[in-house]
Amino acid sequence: MFILNAWYIAAWAHEVTDVPLARRICDEPVVLFRTKDGTAAALLDRCCHRGAPLSLGTVVDAGIRCGYHGLEFDCSGKCVKVPGQERIPQRAAVRSFPLHEKDEFLWIWLGDPALADTTTIIDYPYHNDYAQWPHKHGLYHCKADYRLLIDNLMDLTHVGYVHASTIGGHPKVHVEALMETTPTDTGLKFIRWMRNSVPPPTYAAAVKFKGNVDRWQEFEFLAPGNIIQWSGAIDTGNGAEQNRNQPGFSLRLFHGLTPETQNSCHYFWSTANGYRQDDPAATDQLFEAIGAAFNEDKVFVEEQQLRLDELGEASLVDIVSDRARIHMRRILDRMAAAEGVAASK
Amino acid sequence: MFILNAWYIAAWAHEVTDVPLARRICDEPVVLFRTKDGTAAALLDRCCHRGAPLSLGTVVDAGIRCGYHGLEFDCSGKCVKVPGQERIPQRAAVRSFPLHEKDEFLWIWLGDPALADTTTIIDYPYHNDYAQWPHKHGLYHCKADYRLLIDNLMDLTHVGYVHASTIGGHPKVHVEALMETTPTDTGLKFIRWMRNSVPPPTYAAAVKFKGNVDRWQEFEFLAPGNIIQWSGAIDTGNGAEQNRNQPGFSLRLFHGLTPETQNSCHYFWSTANGYRQDDPAATDQLFEAIGAAFNEDKVFVEEQQLRLDELGEASLVDIVSDRARIHMRRILDRMAAAEGVAASK
Amino acid sequence: MFILNAWYIAAWAHEVTDVPLARRICDEPVVLFRTKDGTAAALLDRCCHRGAPLSLGTVVDAGIRCGYHGLEFDCSGKCVKVPGQERIPQRAAVRSFPLHEKDEFLWIWLGDPALADTTTIIDYPYHNDYAQWPHKHGLYHCKADYRLLIDNLMDLTHVGYVHASTIGGHPKVHVEALMETTPTDTGLKFIRWMRNSVPPPTYAAAVKFKGNVDRWQEFEFLAPGNIIQWSGAIDTGNGAEQNRNQPGFSLRLFHGLTPETQNSCHYFWSTANGYRQDDPAATDQLFEAIGAAFNEDKVFVEEQQLRLDELGEASLVDIVSDRARIHMRRILDRMAAAEGVAASK
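As given, the protein sequences belong to chains A, B and C, one line each in that order.
Going by numbering that gives the first Met the number 0, the first residue of the first sequence is number 0, and it counts up by one from there.
Going by numbering that gives the first Met the number 0, the first residue of the second sequence is number 0, and it counts up by one from there.
Going by numbering that gives the first Met the number 0, the first residue of the third sequence is number 0, and it counts up by one from there.
Calculated from the structure, these hints are not laboratory results.
Some clues are possibly wrong.
[Said to hold, decoys possible] Straight-line distance between alpha carbons at most 30 Å, and here's what the computed DSSO-like set of lysine-lysine pairs gives: (1) B/LYS171 with A/LYS80; (2) C/LYS297 with B/LYS80; (3) C/LYS188 with C/LYS297; (4) C/LYS35 with C/LYS77; (5) A/LYS35 with B/LYS171.
Computed from a predicted model, the values in this text were never measured in an experiment.
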């Protein structure tokens, strides 16, 4: 079961156009489209007449037209035209989902529409500040429960193993990082400092450091599915902990995990270049490097999913580095319980 | 469950040769083959010895020989040879199915053999009149319940949407067509007239019309799975309704739907050129054009099937253009009830 | 269910190196690897921390390190390192499986480790005598219950049908072969003589015979999954039955069937050239020819498996040539019963 009374990212805003887009979210087949006036809409991707997917249809002035027998639906899912008859049957409608565009995302609400409060949607202002944070958008499809990807990000000791040759560097650096965790109203925050450490390959390729660096990873988990990250490194001895906004390496990452099915998800991510903003090549290189690292995660969690599907989690053993992960899972379990569902299968 | 006491098309006659052909029909694995004397036979595609498919075997004088250990079966499924032993066990036999060749089709009967009356098989004389109706054979595999393809053909308003750029033309023409439906002993018939209408792209490419046309679509549904179609168009004002056999555009289509599994089927179709019989290129072009249009249907019904599998049909809403479709479904439901099965899953 | 208190081949010894190898055996995901000192080990392929496959990890001095968060396990499955913490949780361990290297095989025991007696492992000395028996190793993955491949080898009348154009020859030769079967403590043995018979294509291509041959096939089935074969042919009239070690054609085959899942298996096979030992090309050709023939078997048993999955075995009919096969199945059923499981699904 999914936590439904929550905003999830349905799509990048630029993905949704006058060509309908089919996307499964929390196991509902959804069609996303944008009408001539720029309004984006999300409907159940099934015509109420004969069940054909509306995503095979056409965007029209009124909304979307089924490509099979021509019924038309407005953005609220109401049928507004049945070819060949005047009267539109009262029951003729498809379910619509609240959809809200903000910070280059389209946020969708699959739960009770009465509870869909757009003021609770995350802020991510960096997407609106291209000059300061030039960025690019990625989207991966992962054959894993979205929570396994959040798990991944809540235990960063993996960085020294999974990403040793990219954004990681020596495992010891990560294992010995100083980590401070803070609960928040909407999730949790942590910051890790790796003082006087060797910069990892990706960082060193991006910026010319003098030698060792003071490196940080700041993560904010916003339940149920999003993580905002600010990472960077500054030459050791320059007082990075007092001022992270000085020259060095700095990036912001957005991780948006949206359940597709019980064991697959959409991974929306963006990379923002905070170290050489006037160099488009740097923005591109960062995107490529991070995309490669996320692919390393994808391989692991997909294989992990297969083992969990087969053998369950009952006999697994927690270790010290699981602390933030366990905290995060408790938040999700509480949210699920509040909806009367089980977050864990 | 399937309606079993009925003739279905198992294959085009030309498909069945001395090389065994495996085909699943009403969820039975069937092997089709033809012996030296020209007899076509249909057996359960499983050797009674160790269960190997007979379709991996060889056609022999007696019938078919299993390719694994050499047992031979005649066209009635009786084992007539066991290598290495004189005595043939009494139980050694595979199920055979009544099979009848007619009008270029091989018709199979999966139900009670005692009820298999070949005189009830449909007539399609055009397949035997190549001079007047030069034609070609097609076969599509569709991942959809065979009834969804019959549904498709019982509500031709889809032609203006799904086939707008091919055999369709403007939706309005189809929505406003005059349609007359007649129940028959074996199904139903309808004819639709689109008077004074713009000829659709495929028609206009085939024949040089003066301007608008009087266009008809005549369909006969023969339960459970076949449809005979005669369509055409004649220059408006020439009295097409009184005489459809005057110069213009005319084609005959055969649609034979045979269940493969509960949600897949074999779609046997032929196109016959009734407008330029002495031009093989016209026969070929018609076949290509219709094949392309049927592919458009295939895309829709396969996607529709996925939605119906997932979300059921309970909340769907009928509209006016469903009339013939609903009538057809009632016929199938009655036939199924007569066999004590449910036609609908 | 599988017979678990038995040695199965897990891998060819040369397959297992310091790069972990994932292989499913009796439906357990197993990781095989070899440490620096040459020890091969088999562990459950799932880290006890978060369930990631250990086969995505790295072989280290101590054993294997999980590639996700760096936990290390020794060859007995005991966790010997948890990055970032001193104390290793008591429950931190993965299951290990007894593994024994012998005659170029790695043998695994999936059942009760207390019963794993390496002295009961089959002898196959020919793998240690390359000069006399130059040989090559093969491994096929078959989508069939391992027993169907043993069935295949227990009824050699199939050779005249499935392999007519390769190692078979005329079916009559096989059907009329004289066969003598002997039960053994660990399975059964049989020898078949095809006296004064035409040599099959593969044999004739390998050796220049004067004309007809006296040909034999000696098989020893060693329950549950292995078969040792010695086959050959000598010019008729030279007293082959008294002395098979005279010039002619001679090969030894090892057939090792290891269950992967209920309906798939690993087929380990080797071909040893006993007729032109100093000719590497002959060793290669033999390997290619036998590999091709085993592929013919693979096609059959995989298709047979599909039919058995669908239609069961209840209505199948045994024939005379099934004798050894039935005997073999009874042995397996007894072994399964002794473990309290059903050998047949």
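Hint check results:
no.	hint	in the structure
1	B/LYS171 with A/LYS80	holds (13 Å)
2	C/LYS297 with B/LYS80	holds (25 Å)
3	C/LYS188 with C/LYS297	holds (23 Å)
4	C/LYS35 with C/LYS77	holds (18 Å)
5	A/LYS35 with B/LYS171	holds (23 Å)
Hint check: no violations occur; every hint is consistent with the structure.
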